[in-house]
Amino acid sequence: MKNSILIILALILCAGCAATGQKFVPANTMKSDEGIIYVYRPHRAANSGGYPVITLDGIKQGVLKDGGYLVVRAREGKHKVEQQYSIWNWDINANPVTLNIKPGNNYYVRLLTDASASIEMVGNVRMLMTKRGASFVSIDESLALEEIRNLNYSK
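Numbering follows this note's numbering, with no gaps: position 51 of the sequence shown is 51.
It is possible that some hints are incorrect.
[Unchecked claim] No farther apart than 25 Å at their CA atoms in a straight line, the calculated lysine to any residue pairs in the SDA-like style are these:
id, residue 1, residue 2
1, Lys78, Lys102
2, Lys23, His43
3, Lys155, Val97
4, Lys31, Ile59
5, Lys102, Gly49
6, Lys155, Glu34
7, Lys80, Phe24
8, Lys80, Asp91
9, Lys60, Asn106
10, Lys155, Arg44
11, Lys131, Ile119
12, Lys31, Ala144
13, Lys155, Arg110
14, Lys78, Lys131
15, Lys78, Lys23
16, Lys23, Ile119
17, Lys80, Gly133
18, Lys60, Gln84
19, Lys31, Lys78
20, Lys131, Asn106
21, Lys102, Pro26
22, Lys102, Glu76
23, Lys31, Ser135
24, Lys23, Lys131
Since the hints were made in silico from the structure, they are not lab data.
Make the full structure from the sequences, and use the hints.
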């Protein structure tokens, strides 16, 4: 009984970290001088409990929850997609990605998270050492559409 309650509480807490908006739908309108950037994060157990604030050229665009995507509109020219570091909900630094936006085009940026663990000897003591990481990667449209199709809008 005690374990069941703990499992239910853990599931409730994790549910708040996942994207719950509408399933992926491509944006249907675009101004003549802009392109659309889809920033997405496929579900992964690694780092799924936190979520970064996504910025375009330093301006907040939204939060990117696990299993979610954001739609970011950008005018023609070079733009930097990055995340804000926060000790409270996202304490991982991901390298930004710079895109050269052309009007009428779609761009896809995946936030990939990773974690690993190993047991290492420190003196005479075995210690569990963990590493966590994240990176933004510009993805080809055909692969991105396959990956993003089952993701939810990240509110």
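Each hint tested on the structure:
1. Taken as a hint, the Lys78 and Lys102 pair is honoured in the structure, with Cα atoms around 9 Å apart against an allowance of 25 Å.
2. Distance hint between Lys23 and His43 is fulfilled; the C-alpha atoms sit about 14 Å from each other, no more than 25 Å.
3. For a cut-off of 25 Å, the pair hint linking Lys155 to Val97 stands: about 22 Å separates their Cα positions.
4. Our distance criterion of 25 Å between C-alpha atoms is met by Lys31 and Ile59, whose separation comes to about 20 Å.
5. Restraint check for Lys102 and Gly49: the C-alpha separation of about 35 Å exceeds 25 Å, so the hint is violated.
6. Simply put, Lys155 and Glu34 have alpha-carbon atoms about 22 Å apart, close enough for the 25 Å limit, and the pair holds.
7. With a C-alpha separation of about 23 Å, the suggested pair Lys80 and Phe24 falls inside the 25 Å cut-off, and the hint holds.
8. Restraint check for Lys80 and Asp91: satisfied, since their Cα atoms lie roughly 20 Å apart, inside the 25 Å limit.
9. Pair hint Lys60 plus Asn106 holds up; C-alpha atoms about 20 Å apart against a cutoff of 25 Å.
10. Between Lys155 and Arg44 the alpha-carbon distance is near 18 Å, which keeps this suggested pair within the 25 Å criterion.
11. A hinted pair counts as satisfied when its Cα atoms are at most 25 Å apart, and Lys131 with Ile119 qualifies at roughly 12 Å.
12. With a C-alpha separation of about 22 Å, the suggested pairing of Lys31 with Ala144 holds against the 25 Å cut-off.
13. A C-alpha spacing of about 17 Å is found between Lys155 and Arg110, which places the hinted pair at or below 25 Å, so the restraint holds.
14. A hinted pair counts as satisfied when its Cα atoms are at most 25 Å apart, and Lys78 with Lys131 does not qualify at roughly 32 Å.
15. This hinted pair does not check out: Lys78 and Lys23 have alpha carbons roughly 29 Å apart, beyond 25 Å.
16. A hinted pair counts as satisfied when its Cα atoms are at most 25 Å apart, and Lys23 with Ile119 does not qualify at roughly 40 Å.
17. Distance hint between Lys80 and Gly133 is fulfilled; the C-alpha atoms sit about 19 Å from each other, no more than 25 Å.
18. About 9 Å separates the Cα atoms of Lys60 and Gln84, which keeps this hinted pair within 25 Å; it holds.
19. Taking the CA atoms of Lys31 and Lys78, the gap is near 17 Å; set against the 25 Å cutoff, the hint holds.
20. In summary, the hint linking Lys131 to Asn106 is not supported, as the alpha carbons are separated by about 33 Å, beyond the 25 Å threshold.
21. With a C-alpha separation of about 18 Å, the suggested pairing of Lys102 with Pro26 holds against the 25 Å cut-off.
22. Simply put, Lys102 and Glu76 have alpha-carbon atoms about 5 Å apart, close enough for the 25 Å limit, and the pair holds.
23. Our distance criterion of 25 Å between C-alpha atoms is broken by Lys31 and Ser135, whose separation comes to about 29 Å.
24. At roughly 31 Å between alpha-carbon atoms, Lys23 and Lys131 are farther apart than 25 Å, so this suggested pair is violated.
Going through the hint list in order, the structure does not satisfy hints 5, 14, 15, 16, 20, 23, 24.
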